[in-house]
Amino acid sequence: MNGTARVRIATLLPGLSGRGVLLAAPIDAERVRRTLAGSGFAVAEVAGPAAGLREAQAAIARALRLPETAGRNLDALVDSLRDLATWWPDAERVVLLWPGAEQLVEGDLPGFLELTEILRGASDDLWRGGGPGDRQFETVAFVRRHGVRALGEAPA
Numbered sequence: 001m002n003g004t005a006r007v008r009i010a011t012l013l014p015g016l017s018g019r020g021v022l023l024a025a026p027i028d029a030e031r032v033r034r035t036l037a038g039s040g041f042a043v044a045e046v047a048g049p050a051a052g053l054r055e056a057q058a059a060i061a062r063a064l065r066l067p068e069t070a071g072r073n074l075d076a077l078v079d080s081l082r083d084l085a086t087w088w089p090d091a092e093r094v095v096l097l098w099p100g101a102e103q104l105v106e107g108d109l110p111g112f113l114e115l116t117e118i119l120r121g122a123s124d125d126l127w128r129g130g131g132p133g134d135r136q137f138e139t140v141a142f143v144r145r146h147g148v149r150a151l152g153e154a155p156a
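UniProt numbering applies: residue 1 is where the sequence shown begins, and numbers increase by one.
The reader is advised that the hints may include incorrect statements.
Label-pair restraints from in silico Cβ distances [stated by the list, open to error]:
| # | residue 1 | residue 2 | range |
| --- | --- | --- | --- |
| 1 | E114 | D83 | 16 to 26 Å |
| 2 | D124 | A42 | 17 to 27 Å |
| 3 | P14 | D124 | 32 to 42 Å |
| 4 | A150 | G130 | 26 to 36 Å |
| 5 | A5 | R54 | 15 to 25 Å |
| 6 | R6 | D83 | 16 to 26 Å |
| 7 | G38 | N73 | 34 to 44 Å |
If you're looking for bench data, these hints aren't it; they were derived computationally from the structure.
For glycine and all other residues, C-beta sits at the position ideal for the given N, C-alpha and C.
Work out the full structure: start from the sequences and follow the hints.
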């Protein structure tokens with residue numbers, strides 16, 4: 001990143017909760033997409049909801065253009081995310097948008113927690129201060145219900 005400052009998504013979109021993996025209401029999807037693309041993020045988007053860990057893992061790997069093995073093996077997913085610069089050579093800021101994430105929350109909560117921990121870890125590992133090869137990577141998981149409020153919505 002050649003010394004470029006890190007810009008956290010939560011700074012651009014106050015009201016999203018989380019770090020590395022942020023939760024957003026589906027109603028805000030277009031606003032989130034527009035804001036992040038306009039702020040220099042390359043946007044990768046998971047296609048379709050997944051109710052199981054392996055299905056979601058494969059969809060995440062496809063969205064991020066990772067090797068096929070990353071969609072089947074959690075260790076390969078971790079390794080491929082560490083090499084995000086290989087798969088996104090021209091993008092210093094990458095965001096993964098994950099619509100329908102509540103399907104995994106409701107269908108396989110342990111699977112959701114495992115995947116979000118891997119994604120959060122990648123977010124932390126890929127940024128070492130803005131040097132060559134660093135990538136800013138965060139995920140926005142769109143979750144209906146489960147206490148996730150729309151942007152600008154006051155707490156209950």
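Results for each hint:
1. Hint check: E114 to D83, Cβ distance near 20 Å, so the stated range 16 to 26 Å holds.
2. Between D124 and A42 the Cβ separation comes to about 19 Å, which falls inside the hinted range of 17 to 27 Å.
3. Between P14 and D124 the Cβ separation comes to about 21 Å, which falls outside the hinted range of 32 to 42 Å.
4. In this structure the supplied range 26 to 36 Å holds for A150 paired with G130, their Cβ-Cβ distance being about 32 Å.
5. At roughly 37 Å, the beta-carbon separation of A5 and R54 lies outside the given 15 to 25 Å, and the hint is violated.
6. Taking the beta carbon of each, R6 and D83 are about 19 Å apart, inside 16 to 26 Å as hinted.
7. Between G38 and N73 the Cβ separation comes to about 35 Å, which falls inside the hinted range of 34 to 44 Å.
When each numbered hint is compared with the structure, violations occur for hints 3, 5.
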